[in-house]
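Below are the chains, spelled out letter by letter.
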Amino acid sequence: MAEVLVYVDHVDGAVRKPTLELLTLARRIGEPVAVALGNGAADTAAALAEHGAVKVLTDDASEYGEYLVVPKVDALQAAVAAVSPAAVLVPSSAEGKEIAARLALRLGSGIITDAVDLEAGDEGPVATQSVFAASFTTKSRVAKGTPVITVKPNSAAVEAAPAAGAVEALSVTFSAQATGTKVTGRTPRESTGRPELTEAAIVVSGGRGVNGAENFAVIEALADSLGAAVGASRAAVDAGWYPHTNQVGQTGKSVSPQLYIANGISGAIQHRAGMQTSKTIVAVNKDAEAPIFDLVDYGVVGDLFDVVPQLTEEIKTRKG
Amino acid sequence: MSLRIIVTVKYVPDATGDRHFADDLTVDRDDVDGLLSELDEYAVEQALQVSENSDDDVEVTVLTVGPEDAKDALRKALSMGADKAIHVEDDDLHGTDAIGTSLVLAKAIEKAGYDLVISGMASTDGTMGVVPALLAERLGVPQVTLLSEVSVEDGTVKGRRDGDAASEQLEASLPAVVSVTDQSGEARYPSFKGIMAAKKKPVEAWDLSDLDLDAEDVGLEGSYTVVDSATERPARTAGTIVKDEGEGGKQLAEFLASQKFI
Ligand SMILES: Cc1cc2nc3c(=O)[nH]c(=O)nc-3n(C[C@H](O)[C@H](O)[C@H](O)COP(=O)(O)OP(=O)(O)OC[C@H]3O[C@@H](n4cnc5c(N)ncnc54)[C@H](O)[C@@H]3O)c2cc1C
Ligand SMILES: Nc1ncnc2c1ncn2[C@@H]1O[C@H](COP(=O)(O)O)[C@@H](O)[C@H]1O
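Sequence order for the protein chains is A and B. For the record, in the first sequence the residue sitting at position 131 is 134 according to our numbering, with numbers rising by one throughout. For the record, in the second sequence the residue sitting at position 55 is 68 according to our numbering, with numbers rising by one throughout.
These are calculated hints, taken from the structure and not from any lab test. Treat the hints loosely; a few may be bogus.
Said to hold, decoys possible - Below, a sample of chain A positions facing chain B; criterion: calculated Cβ distance under 7 Å: (1) 87; (2) 115; (3) 185; (4) 321.
What the hints assert, rightly or not - Distance condition first, Cα-Cα at most 30 Å in a straight line; then the derived BS3-like pairs of lysine-lysine: (5) A:185 x B:256; (6) B:120 x A:185; (7) B:256 x A:289; (8) A:319 x B:263; (9) A:282 x B:263; (10) B:124 x A:20; (11) A:147 x B:256; (12) B:213 x A:319; (13) A:282 x B:124; (14) A:322 x B:273; (15) A:319 x B:124.
Cβ atoms here follow ideal geometry from the backbone N, Cα and C, with glycine treated the same way.
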């Protein structure tokens with residue numbers, strides 16, 4: 004069976020969930036071979052093997068952390084040369100898309116970004132994408148070269164599928180461009196203890212209606228009662244009430260959870276672009292005319308400062 | 014010293030309009046009003062700020078690859094304060110994908126001559142966010158992308174990139190390709206004076222032959238990807254909407270429980 008390269012997104016050896024989802028999709032097309040780079044690369048092997056990686060190619064050179072993007076492109080290119088895969092799958096993070104694009108160009112291949120599903124097809128993998136703020140669904144293929152496809156988080160279930168996961172050192176020769184952009188400083192994000200926004204099964208978001216940074220405690224309390232991640236509209240972020248890393252929408256994160264709860268958010272097209280593919284959508288808004296209500300499975304027209312605390316209490320009571 | 018900045022700007026269908034596909038599954042650009050992509054306004058803004066903060070002799074050129082109407086996008090950027098514009102227009106460009114667009118842009122950038130390219134973080138229609146990385150790859154210069162803060166001094170570009178796991182400080186020497194996010198600072202509105210001045214600023218028009226490119230390198234034919242189908246997402250079935258009369262939170266909890274979320 005043909006091999007499929009999967010680029011591993013990990014933090015110091017801890018594999019992030021979207022990569023495990025990619026392994027599920029890769030198994031539909033062929034045998035997953037994972038590529039893990041940087042600090043802790045070899046530590047990813049156990050988790051990857053458990054989810055179907057037959058092989059894990061690793062390199063922990065310091066260049067991956069010291070310079071932007073290009074060293075990783077060099078490594079993937081070396082992996083493609085070594086494996087001749089049927090496709091290369093990369094998680095759709097901002098960096099993932101940049102890596103994938105440069106790789107595709109070098110390979111003379113086409114690139115598809117932000118797939119939400121992937122199937123095997125007669126003429127290569129067929130990717131499903133959700134476009135124009137999720138108002139259309141397209142199916143596309145790469146017509147030239149080895150398909151390079153980036154896949155959004157929450158596009159497939161994580162499945163256990165034990166495989167060998169044999170670790171092999173990947174030999175990489177860095178290109179002249181590899182050291183072009185130096186990373187001179189790095190401040191890791193502080194963990195909030197809540198799930199990652201893009202990976203969470205439930206997202207609770209607040210918008211301009213939350214009316215103040217201190218009031219976000221109401222949103223956080225609801226999120227914590229459900230074990231959810233916290234999101235924010237751009238209006239709330241621009242007002243300085245919540246960090247930009249939590250922004251949902253076109254210029255923030257794109258989320259596709261099982262449940263999305265929008266509080267005090269009107270539902271502008273740019274916000275919808277980042278949450279419209281959520282399975283179940285709920286909104287609390289005091290304006291019955293707010294466009295967000297066009298999307299909801301359940302909506303409450305009311306003041307969020309009445310509705311949300313009552314909801315949180317009720318959830319706590321029911322959960323005991 | 015002089016510094017030549019090229020800002021790549023895209024003319025896109027208005028996101029608040031009813032965007033759809035044409036029969037050949039390319040983006041329909043006729044039925045919806047177009048405009049300068051809002052995310053590229055941030056790129057123009059940063060170019061103007063680099064220019065204003067510099068002791069060098071800075072020239073800001075805006076470049077677009079797009080249909081006739083894309084001139085509107087160039088005019089807007091010129092009225093914000095850019096010095097001149099280049100419009101690459103050719104019927105054979107219809108249906109060009111990101112790989113092809115980056116080829117045309119790279120050829121045009123090389124022909125124009127540059128020290129710094131500034132792009133937006135993503136186009137608001139395609140939303141791929143890959144063209145800046147592709148440009149850096151094609152031009153063989155550093156990519157310093159997705160910056161929420163930029164500065165240029167003594168032939169070095171520095172900036173802050175807020176990533177998923179960390180916020181990074183980046184540095185590269187010119188020439189380089191930069192892209193900026195919507196966190197980089199609000200774009201200015203064109204002044205009346207700016208709008209009047211824009212009318213007299215030069216707009217150069219190039220076609221594929223000016224860039225030594227052939228029709229088969231670009232367009233639908235040259236595309237590296239094929240769209241097999243595009244279907245409108247079915248409207249979501251109308252949900253239940255209740256008015257809070259004191260029990261809204263409890264009713265919502267009941268709904269969540271019925272859906273097994275609690
Ligand atoms: C290029 C571009 C990119 C953008 N990217 C994004 C993006 O990534 N994400 C994003 O979110 N936006 C984005 N926007 C902005 C977007 O257009 C909207 O301006 C934004 O989403 C509005 O946020 P909001 O819904 O919180 O605020 P508003 O539109 O002001 O809505 C606030 C809502 O809260 C309700 N409300 C007020 N008080 C209460 C209360 N006490 N109880 C209940 N309800 C209450 C009001 O009825 C109203 O419906 C972008 C815009 C552009 C041009
Ligand atoms: N046709 C185009 N003409 C000029 N610039 C473009 C074009 N397409 C993309 N760009 C630039 O590349 C950035 C990213 O676009 P994209 O990769 O398509 O999301 C945009 O913000 C623009 O700066």
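(request) Measure nothing beyond the straight line between the CA atoms of residue 282 of chain A and residue 263 of chain B; if it is 30 Å or shorter, mark the hint as holding. (result) Status holds; Cα separation ~22 Å.
(message) Would the hint linking residue 124 of chain B and residue 20 of chain A be met if the CA-CA limit is 30 Å?
(response) violated, 44 Å
(request) Sort out whether residue 289 of chain A lies within 30 Å of residue 256 of chain B, counting only the CA atoms. (result) Distance of about 9 Å is within 30 Å: holds.
(message) So, as I understand it, the hint says residue 185 of chain A touches chain B; can you test that by seeing if any CB pair is closer than 7 Å?
(response) holds, 5 Å
(request) Quickly compare the C-alpha distance for residue 322 of chain A and residue 273 of chain B to 30 Å and report which way the hint goes. (result) holds, 12 Å
(request) Using 7 Å as the Cβ threshold, decide whether residue 115 of chain A counts as touching chain B. (result) holds, 6 Å
(message) Holds or violated: residue 319 of chain A and residue 124 of chain B, Cα atoms, limit 30 Å.
(response) violated, 65 Å
(message) Checking one constraint from the list: CA of residue 319 of chain A to CA of residue 263 of chain B, max 30 Å. Satisfied?
(response) Holds, because 11 Å separates the two Cα atoms, which is no more than 30 Å.
(message) Tell me if the interface restraint on residue 321 of chain A is satisfied: Cβ within less than 7 Å of some Cβ in chain B.
(response) holds, 5 Å
(request) Would you check the hint for residue 147 of chain A and residue 256 of chain B, treating anything up to 30 Å between C-alpha atoms as holding? (result) violated, 54 Å
(request) Compare the distance between the alpha carbons of residue 213 of chain B and residue 319 of chain A with 30 Å, and conclude whether the hinted pair is satisfied. (result) violated, 66 Å
(message) Please verify whether residue 120 of chain B and residue 185 of chain A have alpha carbons no more than 30 Å apart.
(response) holds, 26 Å
Violated hints for the displayed structure, listed by number in ascending order: 1, 5, 10, 11, 12, 13 and 15.
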